[in-house]
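Peer 1: Make the full structure from the sequences, and use the hints.
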Amino acid sequence: MTPAINAAKKAGIHFRVKEYEHSPAAESFGLEAAEKLGLSPDQVFKTLVVTDGKKLYVGVLPVSNQLNLKLMAKALGLKRVTMADKQQVAASTGYVLGGVSPIGQKKLLPTIIDSSAQTLASINVSAGRRGLEIELSARDLQRLTSATFADIN
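If you're matching positions, the sequence shown starts at 1 in our numbering and goes up one per residue.
Hints listed in this document are in silico derivations from the structure and should not be mistaken for laboratory results.
Just to be clear, a hint being listed does not mean it is correct.
[Claimed, not checked] With a straight-line Cα cutoff of 30 Å, these simulated DSS-like cross-link-like pairs (lysine-lysine) come out:
1) Lys-74 x Lys-106
2) Lys-79 x Lys-36
3) Lys-10 x Lys-107
4) Lys-55 x Lys-9
5) Lys-106 x Lys-55
6) Lys-74 x Lys-55
7) Lys-86 x Lys-10
8) Lys-86 x Lys-70
9) Lys-9 x Lys-79
10) Lys-36 x Lys-55
11) Lys-70 x Lys-9
12) Lys-36 x Lys-10
13) Lys-106 x Lys-54
Remember, it's a predicted structure, so these values are computed and weren't measured experimentally.
Peer 2: This is the structure in structure tokens:
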């Protein structure tokens, strides 16, 4: 069990865990998950952590898209954000890069979920380990993370 799965269980939401064999040679963890699970890259969402130099923030968006830092900053009400340092991400979330889940992080960070998630019956996000995904509704993810929906790609 990972903190993400434990948090989903504790919240009593409907979810499914999907596991696949992670390849250390994979160039994109998210695209690897989509391919190995037979899912559209628009249905598998990645978790990216950004900073304004003081605080950390989380963006959740389809693996098929790139995070637009200007739109992310705007959604957070900030002037600008940059990608956070790998060590900062691991220390703050408790997860290793490629396995960062928006759920069950050590410290709840302000989170923005790309609005495209609202058009899907369910989405898949990392369950807190490379090779492990959790499928749930975008609304349940929003509830678990206290997130806001916005266009961030």
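Peer 1: When the hints from earlier in the document are held up against this structure, which numbers fail?
Peer 2: 2, 9, 10 and 11
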